Amino acid sequence: MEGDLSQVSIVKCSDYEQERVDKAVKESLALIGGLGKIIKVGQKVLLKVNIISAEPPERAVTTHPALLRSVIKLVRERGAEVVVGDSSGVVYKDIERTWQVT
Numbered sequence: 001m002e003g004d005l006s007q008v009s010i011v012k013c014s015d016y017e018q019e020r021v022d023k024a025v026k027e028s029l030a031l032i033g034g035l036g037k038i039i040k041v042g043q044k045v046l047l048k049v050n051i052i053s054a055e056p057p058e059r060a061v062t063t064h065p066a067l068l069r070s071v072i073k074l075v076r077e078r079g080a081e082v083v084v085g086d087s088s089g090v091v092y093k094d095i096e097r098t099w100q101v102t
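Numbering (full-length UniProt numbering), first residue to last: 1 to 102.
No lab work stands behind these hints, which were simulated from the structure alone. Take every hint as true, because none was put in to throw you off.
FRET-style restraints, in silico, Cβ to Cβ:
#, residue 1, residue 2, range
1, Ser9, Gln43, 19 to 27 Å
2, Arg69, Gln43, 15 to 23 Å
3, Gly36, Gln100, 31 to 39 Å
4, Arg97, Lys37, 32 to 40 Å
5, Ala54, Leu5, 35 to 43 Å
6, Arg97, Ile32, 30 to 38 Å
7, Glu96, Lys48, 12 to 20 Å
8, Val84, Gly42, 14 to 22 Å
9, Leu47, Glu96, 15 to 23 Å
10, Gly34, Pro56, 26 to 34 Å
11, Lys23, Val84, 16 to 24 Å
All values reported here derive from a predicted model rather than from experimental measurement. Every residue, glycine too, gets a C-beta built ideally from N, C-alpha and C.
Start from the sequences and build out the full structure, keeping to the hints where you can.
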């Protein structure tokens, strides 16, 4: 809607242990009113991750899998279909490997 401002929330998470990430993501979303106001049952939701290069999660170059798992779970709980994608703008010879490594 015209004139609406984007909302941002930041919640500290000390590591990528799945339970901690889940808690931090839920807390962060609660601070902006939750997913209920933006995701409806039956919707298809694209989660755009950052697959910049074929680097493991420990390098902190791409979206961490624990964060992605947490968001996927919450979106599915809302009754929406999840699609994960990216278009990094870089041409990869082996995109399958890039997705597997990250």
